[in-house]
Structures are given as C-alpha cells and as structure tokens.
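Enquirer: This is what each chain is made of:
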Amino acid sequence: MEKFLLKYFTLIRVIIAIGIGIVISVFLIYLTSQEPGFSLRSFLLGPFLTRSRLAHLFETASPIIFCGLAIAVAFQAKQFNIGAEGSLYLGAAVGTAFAVSTNMPAFIHVPLVLLIAGLTGALWSFIPGILKAKWKASELVSSLMLNYVAYFLGLYLINYHFRDKEAGFLVSFKLPETAWLARFIPDTRIHYGIILALVFAVLVYYFLYHTTAGYEIRSTGFNERFARFGGISVFKVIILCQVILGFLAAFGGMTEVMGIHRRFLWQSSPGYGWDGIIVAIIGRSHPLLIVPASFFLAYMRVGGRVLNLMSDVPAEMVMVIQSIIILLITAEAFLSQWKYRITVRQAERGGAA
Amino acid sequence: MEKILEAKDVLKVYENGVIANRAVSIAVEENTIHAVVGENGAGKTTLMKIIFGIEQAQDGEIFFKGEKVHIRSPRDAIRIGIGMVHQHLMLAPDLTVAENMVLGNEPLRAKLFLDTDRAGEITLQVSEEYGLQVPPNKKIKDLPIGVRQRVEILKALFRNAELLILDEPTSVLTPQETEVLFKTLKNLKKQGKTIIFISHKLNEVKQIADRVTIMRDARVIDTRDASELTEHDIAQLMVGRDISFERIPAPVTLGESLLSVRNLSYVNDEAILVLNKMSFDVRSGEILGLAGVVGNGQTELVRILTGLLQPSEGEITLRGENLIGLSPRRIREKGLCHIPEDRMEDGVAEETTLEENFILDRYYKPGFSKGLRLLWKDISQHSRELIEKFNILAQSTKTLVSALSGGNIQKVVVARELSSDPDVIIAAHPTRGIDVGSEEMVHRLLQEARDRGKAIFLASADLDEILKLSTRVIVIYNGEIAAHFQDVSKITAGDLGPYMLGVQREEAVSGKVSA
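For the record, the sequence lines run as chains A and B.
Just so we're aligned, residue 1 is where the first sequence starts under this note's numbering, counting upward by one.
Just so we're aligned, residue 1 is where the second sequence starts under this note's numbering, counting upward by one.
A few of these clues could be false.
[Said to hold, decoys possible] Among chain A residues calculated to face chain B with C-beta under 10 Å, some are:
hint, residue
1, LEU6
2, LYS7
3, THR10
4, TYR206
5, TYR209
6, ALA213
7, ARG218
8, SER219
9, PHE222
10, ARG225
11, PHE226
12, ALA227
13, GLY231
14, ILE232
15, SER233
16, LYS339
[Unchecked claim] 20 Å max Cα-Cα, derived PhoX-like pairs, lysine-lysine:
hint, chain 1, residue 1, chain 2, residue 2
17, B, LYS3, B, LYS65
18, A, LYS174, A, LYS78
19, B, LYS3, B, LYS190
20, A, LYS3, B, LYS398
21, B, LYS186, B, LYS201
22, B, LYS468, B, LYS201
23, B, LYS365, A, LYS236
24, B, LYS377, B, LYS365
25, A, LYS7, B, LYS186
These aren't lab readings, by the way, just hints derived from the structure by calculation.
Just so you know, even glycine gets a beta-carbon here, dropped at the ideal spot from N, CA and C.
Start from the sequences, fold in the hints, and give me the full structure.
Expert: Okay, structure coming up:
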C-alpha cells in the first residue's frame with residue numbers, strides 16, 4: 001500500500017488538492033450565495049450541461065494546451081522564460097496582418113499564416129534566448145519585459161494599420177475565408193485548432209523524449225554542468241528551447257484567431273500565456289500531462305463563467321475559488337511531510353530486512 | 001571522567017530514504033579530544049548535525065552534562081554550550097573578523113548602531129584569552145582559509161561553547177596550517193574544553209585524539225582509546241575488512257607519448273597565476289600520477305585538459321593534434337575521457353535514469369540514434385551490458401541515479417567514461433568517498449586500461465592511491481611541477497611530502513621534460 005502511495009504520490013496529491021479545493025469552494029459558495037445548491041451545481045456541473053458550454057470547454061482548452069507545451073519545453077531545460085503571452089500576442093497580430101493583406105487558396109493560405117505567426121513568435125522569443133546564452137541575462141526578467149513591448153507593438157500594428165473602421169469596435173479587418181480554420185462540429189465553434197493542439201502535444205512529447213535535441217534539452221535542465229561536461233552545447237539548448245516556446249505559443253494564438261474570432265480583437269492581452277505556465281506546472285512539464293491539465297483549467301474557467309452568469313455569487317468570489325484550487329495543485333510542498341513519513345517507514349522496514 | 005555528551009539510539013532517515021544513522025550511540029567524556037572516523041557517507045556528519053540541531057533525528061535521545069536535551073536548532077545547541085565549525089565555513093565574507101565574531105550578539109551604540117570599536121575589543125579579548133591570533137579589522141574574504149577557520153573557532157568560544165565540534169577541519173588546510181590547528185586544539189583541551197573531531201585521515205586521528213569512535217554504514221562500530229589502536233586497526237574497522245596498500249606491478253611495455261602538455265599556464269578571473277608553465281607527457285601504457293595538496297591547481301589543470309576551461313598559454317596535443325580551443329565534445333571525439341573530480345556536479349544528472357546517464361557522450365552517434373531519433377531499445381541494451389560488466393547494483397536501466405549509493409554512482413561514471421574506448425583517460429580523485437569494494441574495482445579497471453596501452457593521467461589527493469597505481473609521479477605545488485619521480489617503486493609518501501609542501505623543489509624541472 002505504502003509503496004503504491006509513494007509511486008503515485010504526485011497523482012494522489014493532485015486529486016487530494018482538487019478535493020480540498022472543492023470543499024473550500026463549497027464553503028465559500030454557501031457563504032456568499034442565497035441559493036448555494038444551485039450555484040454549486042452551476043460551477044461544478046455547469047460546463048457539461050449544455051452543448052455550447054461543453055464546446056466552450058474544448059475551445060478554451062486549445063490555446064492553453066499550446067501555451068502549456070511552449071512553456072514546458074523551456075521548463076524542461078530549466079529556462080524560466082515566461083514570454084509565451086508576448087509571443088502569442090505579437091505572433092497572432094503579425095499573422096493577422098499577413099492574412100488580411102494576402103489572397104491565395106486556402107490550402108496554402110492556412111499553413112502559411114500559421115507559419116508566419118509561429119515564426120514571428122519564435123523570432124521574438126529568440127531575444128531572451130540570445131541574451132541568456134551570450135550574456136547570462138535572466139530570461140525571466142527579459143521575457144517578462146518583452147511581453148509589454150510585444151503587446152504594444154501588436155496593438156499598434158492592428159489599431160493603426162489593420163483596423164476595420166466599419167466594425168464599430170477596435171478590431172482588425174476580418175480574415176479572408178481562405179485563412180479560416182474550419183469548425184467541424186455543427187452549432188459550435190470547435191475548430192481544427194484543438195486537433196492541432198493534440199497533434200502538437202504528441203509531437204512535443206516525441207521531440208523531448210525520443211530525439212537527440214530533446215535529450216540535450218532535458219539533460220541541460222537536469223544538470224547544466226553535467227551537460228557541459230559531456231559535450232552538449234548549452235548555448236544551443238538555451239536558444240533552441242526558447243525559440244520553440246515562441247513558435248508554439250504564437251501558433252496557438254493564431255489558431256484561436258483563425259478558428260474562433262476570425263479577426264484580431266484582443267485589445268487586452270488574452271492571458272493564455274499565463275495559463276500556459278499554470279498547466280505546465282500542474283502537468284510537471286510533461287507534454288502528455290499538459291493536455292488533461294489544460295482541460296482541467298478550461299473546466300475551471302468555464303465553470304467560473306457559468307457560475308458568474310447563472311448565480312448570485314459575485315464575480316470576484318469566482319476568481320477567488322478558481323485561484324485557491326490552482327494554488328493548491330501547484331503547491332509543491334503540499335503533503336511532502338506525509339510523503340516523507342512514508343519514506344522513513346519504508347526505509348526502516350527495508351533496513352530491518 | 002564525566003560524560004559531557006551522550007547520544008543514544010539515534011535514527012536518521014533522509015527524505016530520499018537513505019538511512020544516515022541507525023541506532024547510533026556515542027558518549028564523549030569531558031575534557032578530551034574525541035575523534036569520529038569513518039568513510040564518506042558513514043554518517044559522521046549527519047550525527048554531528050543532529051547534535052548541533054541542524055538536522056532532526058527520527059528517534060533517539062541526547063544527554064548533555066547528564067541532562068536530557070531537545071536540540072531543535074543550532075540556537076538551542078549554542079545556548080547549552082555546543083559550538084560547531086563546519087567543513088565549509090559559515091562566515092560572511094564581506095564583513096570584518098570582528099563583525100563576524102559578534103554577529104547575532106552585536107554590541108550596540110545608541111541601541112541601534114553596531115559599536116565597531118567594542119566589537120574589535122571583544123575580538124582581541126577573546127583572541128588573547130585562548131591564544132588564537134586573528135586580525136580584527138580585516139575582511140574575511142582577504143584571509144587565508146586557516147585563519148578563517150580560527151575565526152570560526154573563536155566565534156564558537158565567544159558564545160561560551162564547552163563542546164566544540166569540528167567537521168573535517170583539516171580537509172581544507174595545508175599541512176602547516178593543520179599543525180597550527182592541532183596546537184590550538186591541544187591548548188583548548190588544556191583550558192578545559194571538549195572537542196569532537198571528525199576525520200577520515202588516520203594519521204591525524206592518531207596524532208591528536210584521546211578517544212576514537214569508528215562509524216561504518218550508518219552505525220557505530222566501536223569506541224576505544226586512541227592509544228589502543230594502530231592506524232591499520234582503525235582502517236580495518238572503518239572499511240570492515242583487511243585492505244591492501246600493495247602497489248600494482250609496473251607496466252611491461254611503455255609506448256609513445258599520447259598526451260603532451262607544454263608550458264601550460266592559467267591565470268584565473270582574480271588575476272592569480274594558478275598554473276605556471278607546466279610541461280609533461282603521458283605515454284601509452286602508463287599511469288602518470290599527479291600528487292599535491294588540494295588547491296594547488298589540480299582542479300584547473302584537469303578542467304583545462306578536458307576542454308572545460310581555457311588556458312592562458314601553452315600547448316596541449318593528443319597524438320600530435322592540438323586540443324586547445326576545441327569544445328569538450330571535439331576533445332572527447334579525439335579519444336579522451338574524463339572521470340571528474342565531483343561526480344554529483346559533473347558526472348551525473350541525479351534525477352535521470354541510468355541509461356540517460358550512460359549516453360551523455362554518445363547519444364548522437366550511430367547505434368544510439370538515427371538522424372534525430374534516439375534508439376531507446378539499443379540504448380537500454382547497451383546500458384544493461386554496462387550495468388553487468390561494471391557490476392553496478394541497480395534494479396534496471398530505468399533506475400534513477402539518485403537511488404544509488406556513492407560507490408555505484410561512481411561506477412556509472414567510470415563505466416560511461418571507460419566504455420567510450422578512449423586513448424587518454426583523465427581521472428580526478430576517481431575513488432574519493434566510495435566504499436572499498438568499488439575502490440578496488442576502479443583501481444583494477446584503471447590498471448587493465450593501462451595494460452591495454454591507454455595513457456592515464458591520475459590526479460588524486462590520496463597519496464596511497466597515487467603510489468599504488470602510478471608508473472611515474474609528478475608533484476604539483478603552487479601551479480608548478482615541484483618534482484618528478486621516474487620510478488615509483490623506490491619512493492614512499494614521505495619522499496613526496498617536502499615537495500608537496502613546497503619545502504623542497506627540483507631545479508629547472510618545469511622546463512625539462514623527460515621522455
């Protein structure tokens with residue numbers, strides 16, 4: 001039994017954390033709601049109750065998966081680049097600009113737009129990479145600062161050069177239909193972006209665990225001196241993983257534009273880059289675990305939205321509940337004492353034998 | 001005599017499941033110098049950390065001056081009169097000696113500001129009381145390590161320590177500094193202090209200790225009067241069986257020079273000349289030993305030879321081909337391998353599997369990958385072979401390195417490095433801190449490699465190891481070659497000593513190279 005607990009400790013911890021989070025949420029909902037039973041149902045079951053909400057779950061998960069994968073690649077090399085948000089924003093803005101100013105058949109247009117967006121993100125993320133590799137500048141700081149630059153650059157590009165003045169909002173021109181990602185389930189907005197996200201999860205998994213470059217990235221992350229000692233070019237690894245990060249994030253952002261909104265309408269940054277960090281932590285930077293983690297976060301977000309729309313629980317409290325659950329899951333030290341005690345007992349038993 | 005400290009049945013298990021102390025009991029008599037000896041990993045330091053409150057035991061009791069005590073932090077330990085001088089000194093390098101002395105007990109002016117003059121006076125006063133000279137107004141970072149250690153000892157005494165624990169105090173000292181330290185300790189004993197002295201150097205223990213406690217495998221094996229035991233007895237108790245210091249037979253044939261170093265100099269970031277015009281050759285079929293007191297440039301020399309550090313001047317060639325300026329990978333591809341000094345920092349990635357550690361230098365080569373794809377099946381097969389051939393105790397190729405013992409981790413490193421079939425082997429402290437069984441195996445492997453015509457460069461702080469294995473020996477002192485012994489069979493550790501300490505030196509050795 002105890003061996004089993006040790007082996008699946010991480011999984012058990014996540015489940016317990018979710019359990020505690022739900023108990024706290026129930027408590028908070030009872031505290032703030034006149035009709036707690038209904039509110040609770042909205043929050044926990046709401047996302048599954050209608051077709052459109054269920055669809056919403058998939059739509060929300062898709063860009064989060066992309067950003068989670070992006071962050072995971074960098075985290076695996078112990079590069080704390082948090083620039084997914086900036087790459088996503090600028091990449092999608094440039095991709096949109098390209099899409100609305102060109103005209104070609106869909107089978108070229110779609111991949112080309114995605115590629116342009118991805119490359120923009122990659123190029124953007126190359127900056128913190130080279131700063132780190134060459135001059136040891138903290139990628140955490142530079143990527144964070146560059147997020148602001150990317151945001152305002154993207155905003156400028158769309159608002160001053162590609163703004164649709166007839167739309168009545170601050171949005172870009174609508175993408176030509178040749179640059180749309182098709183929706184494949186009737187009456188929903190679920191588009192091919194989610195398929196691409198799942199394909200990329202497998203690709204990134206394969207890349208990290210089954211290729212030489214992935215081995216270099218992971219070895220550097222586990223012990224940089226070890227990698228250097230064995231002849232791995234740490235310089236190359238630092239740049240490579242951040243470029244991949246930028247590419248994936250921007251690619252994911254572009255699928256959202258092409259599949260859901262079909263124009264660039266983010267006047268404020270959508271925050272998927274930050275969600276990506278959360279799911280990378282929950283999923284322990286493992287590409288295949290990031291998929292369920294992203295669906296879980298999407299479930300939290302959609303549940304929060306339903307709760308907000310349908311019940312009398314204030315929007316602020318919805319955010320508090322979401323944050324508590326996420327916090328519990330991401331807390332590394334949570335239950336570590338418990339694990340330690342089991343380890344001690346196991347060791348003593350092993351020692352006696 | 002009164003017992004000042006007694007620990008009974010101490011149990012300590014670390015978070016990774018390693019048992020460091022298993023029902024350990026020790027009694028220390030007042031006003032003695034009590035040595036605790038054992039190989040690395042025997043549990044000496046852990047026991048001391050528990051006594052000083054840095055680690056908490058899961059079980060057991062501690063009595064201090066006959067009373068049961070619960071020491072939950074170093075603060076508790078200091079309050080009841082226990083002081084500890086750590087292996088890695090814990091002083092603030094940018095503060096002066098006096099400031100470090102009073103840290104945590106600062107004399108204040110106007111209840112707010114540090115009274116520097118008073119701190120200086122206190123320092124001088126304590127320093128005179130115990131006859132330990134320190135410069136109160138010098139910054140710690142400007143002092144040699146021996147003096148820093150003295151400051152730590154004084155600091156503990158200033159806090160009224162009656163029991164002083166020193167964790168491997170001599171491992172960082174030169175022999176002269178060790179002499180001074182021993183005089184100090186004997187003086188302190190005269191003044192009524194009790195000292196626990198951790199070491200794994202047997203001659204030191206014989207020289208200074210009254211009582212000796214021997215630890216092995218997380219257990220106390222025995223505690224006896226030092227006078228009852230010979231060095232050989234202690235060694236035997238430490239490792240659990242008879243050990244041989246016998247030298248391996250000299251090689252039959254010596255080949256051409258494979259690794260050649262000429263006028264190698266290195267100036268570090270702090271503008272200190274670490275290596276000065278070193279020249280030597282390592283020939284096929286020999287082991288060239290590099291002897292020297294730790295910190296005389298050995299670390300830098302090894303890192304330069306393996307491409308991890310760039311020299312300031314000089315030439316290094318392997319079979320006549322230049323190595324300087326090449327990346328570590330290119331150097332390895334030319335036929336050089338490296339058993340690093342610090343296996344946990346450089347040798348392995350602890351949280352990865354054995355197979356991932358085995359392929360570090362070869363994952364990109366045919367047989368391990370095809371294009372970009374890693375061939376995990378072949379890698380596992382290769383790893384199984386290495387585990388078997390090098391007798392590594394591991395459950396599978398997917399076992400994490402962190403689950404292995406020190407000796408087995410070193411075998412992983414040695415297995416990887418020797419299996420790359422190199423021409424030149426650079427081995428730095430290849431048996432430091434590992435059990436005797438693994439040590440013998442590493443020695444045998446090096447000897448076999450030698451007999452197959454490899455050129456081996458062996459840097460070690462352990463003179464017995466140097467003398468046991470080497471065909472020739474060079475002695476490094478202050479970054480220069482101080483002596484060169486062509487025939488090891490005729491020399492003893494005593495012959496090397498004066499050169500290692502810089503007392504003696506061969507004239508014009510550094511320029512001259514023997515073929």
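Enquirer: Are the hints correct? Go through all of them and say.
Expert: These are the hints, each one checked on the structure:
1. The beta carbon of LEU6 (chain A) comes within 9 Å of a beta carbon in chain B, closer than 10 Å, and the hint placing it at the interface holds.
2. Checking LYS7 (chain A) against chain B: minimum C-beta separation of about 13 Å lies over 10 Å; hint violated.
3. Contact between THR10 (chain A) and chain B, as hinted, is not supported at the beta carbon level, the nearest pair being about 14 Å apart and thus beyond 10 Å.
4. Restraint check, TYR206 (chain A) versus chain B: the minimum CB separation of about 9 Å is within 10 Å; hint holds.
5. Annotation: TYR209 (chain A) was flagged as interfacial toward chain B, and the flag holds, the nearest CB pair being 8 Å apart, inside 10 Å.
6. Interface restraint check: ALA213 (chain A) against chain B, minimum CB-CB distance 6 Å, threshold 10 Å, status holds.
7. Contact between ARG218 (chain A) and chain B, as hinted, is supported at the beta carbon level, the nearest pair being about 7 Å apart and thus within 10 Å.
8. The criterion of a C-beta within 10 Å of any C-beta in chain B is met by SER219 (chain A), whose closest approach is roughly 6 Å, and the hint holds.
9. Residue-level restraint check for PHE222 (chain A) holds (minimum Cβ-Cβ distance to chain B is 4 Å; threshold 10 Å).
10. Hint status for ARG225 (chain A): holds, given a least beta-carbon distance of 5 Å to chain B, under 10 Å.
11. Residue-level restraint check for PHE226 (chain A) holds (minimum Cβ-Cβ distance to chain B is 5 Å; threshold 10 Å).
12. At about 8 Å, the closest approach between the beta carbon of ALA227 (chain A) and any beta carbon in chain B falls short of 10 Å, and the interface hint on this residue holds.
13. A cut of 10 Å between beta carbons decides the hint on GLY231 (chain A): the least distance to chain B is about 3 Å, and the hint holds.
14. A hinted interface residue such as ILE232 (chain A) counts as satisfied when its beta carbon comes closer than 10 Å to some beta carbon of chain B; here the least separation is about 8 Å, so the hint holds.
15. Given the 10 Å rule on beta carbons, the hint for SER233 (chain A) holds: about 7 Å separates it from the nearest Cβ of chain B.
16. Interface hint at LYS339 (chain A): satisfied, since its Cβ lies 8 Å from the closest Cβ of chain B, which is below the 10 Å cut-off.
17. Straight-line distance between C-alpha atoms of LYS3 (chain B) and LYS65 (chain B) comes to about 7 Å, which keeps the hinted pair within the 20 Å bound.
18. A hinted pair counts as satisfied when its Cα atoms are at most 20 Å apart, and LYS174 (chain A) with LYS78 (chain A) does not qualify at roughly 39 Å.
19. The straight-line distance between the Cα atoms of LYS3 (chain B) and LYS190 (chain B) is roughly 17 Å, inside the 20 Å bound, and the hint therefore holds.
20. For the given pair, LYS3 (chain A) sits about 17 Å from LYS398 (chain B) by alpha-carbon distance, which is consistent with the 20 Å threshold.
21. Distance restraint check for LYS186 (chain B) and LYS201 (chain B): the Cα-Cα separation of roughly 18 Å lies within the 20 Å cut-off, and the hinted pair is therefore satisfied.
22. The straight-line distance between the Cα atoms of LYS468 (chain B) and LYS201 (chain B) is roughly 17 Å, inside the 20 Å bound, and the hint therefore holds.
23. A distance of roughly 18 Å separates the Cα atoms of LYS365 (chain B) and LYS236 (chain A); the hinted pair therefore holds under the 20 Å criterion.
24. Only pairs whose Cα atoms come within 20 Å are accepted, and LYS377 (chain B) paired with LYS365 (chain B) is accepted, the gap being roughly 15 Å.
25. Of the pairs offered as hints, the one joining LYS7 (chain A) and LYS186 (chain B) is violated, with about 52 Å between alpha carbons and a cut-off of 20 Å exceeded.
Hint compliance for this structure: hints 2, 3, 18, 25 are not met, and every other hint is.
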